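Residues in the sequence shown are numbered consecutively from 0, following numbering that gives the first Met the number 0.
Careful: at least some of the hints might be erroneous.
Claimed, not checked - Calculated cross-link-like contacts (lysine to any residue; reagent style SDA-like; alpha-carbon spacing at most 20 Å):
#1 198 to 166
#2 198 to 213
#3 161 to 172
#4 87 to 156
#5 161 to 173
For the record, the hints were derived by calculation from the structure and aren't laboratory data. Keep in mind that this is a model prediction, so the values were computed, not measured.
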Amino acid sequence: MIKFDGLISLLIACIELGFVINMLIFAKKNSVNFYAIGMVALLFGYQILEYFICGLGFHQQFIIYLAFLDITLLPPLGLYTVLLYTGKLKVYHRYIFVPALFFIIVYPFLLDQFAVTKCTVLYASYHYPMGPLYATFYYLPILGSMIILNKKWGSETNPEQKSLTRLFFFGFLFTFLPSMIIALFFPLFVTAVESLLCKMAFILAVFLTLFVFKNKEMPAKE
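Whole structure, please, built from the sequences with the hints as guidance.
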């Protein structure tokens with residue numbers, strides 16, 4: 000019997016890998032683009048790990064931990080990239096990675112609490128420790144990124160920069176706003192939010208790729 004679990008993850012992973020390769024080859028080399036490419040690479044990493052988990056049957060706790068390690072780095076990296084792009088990055092902003100490091104360090108001691116509860120062709124559901132605390136950490140940097148980008152978009156007078164900022168902002172907006180709306184009407188989304196949100200984040204990957212190819216400048220300086 001053909002097993003289709005994880006197939007969507009594999010498809011998205013292949014596309015996102017293509018994005019990363021093309022950006023590395025053809026996009027302008029600057030620090031903002033480097034970190035933006037890193038965000039897409041993390042999205043690819045999660046999708047391929049989810050395919051290993053659901054499609055290939057690697058249900059070991061360590062593989063699940065690696066998937067969480069991957070997506071745990073995404074929100075602080077996104078906020079760091081936004082701060083760099085908007086010219087607001089300070090030395091102390093490196094501490095936005097501290098919550099991620101907390102979970103990365105603590106979770107290996109709690110591996111026995113990680114489990115795959117369901118696999119389908121579209122998503123995977125997990126049981127993992129400190130769920131509410133993890134969710135708080137996860138969404139706060141995303142919210143911060145959206146607020147900063149929206150403010151820059153509204154205040155920008157240069158048409159090219161305004162268009163560039165809009166791409167970055169819309170990537171976040173069109174990923175997370177629909178996700179919140181779907182979660183209100185379909186409780187299933189909440190039970191598999193890590194997996195389904197990363198599927199929705201394919202939208203973010205598309206907008207980030209467009210952003211990187213269009214961004215030919217170094218980050219602004221205050």
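Quick rundown of the hints versus the structure:
| no. | hint | verdict |
| --- | --- | --- |
| 1 | 198 to 166 | holds (19 Å) |
| 2 | 198 to 213 | violated (24 Å) |
| 3 | 161 to 172 | holds (16 Å) |
| 4 | 87 to 156 | holds (18 Å) |
| 5 | 161 to 173 | holds (17 Å) |
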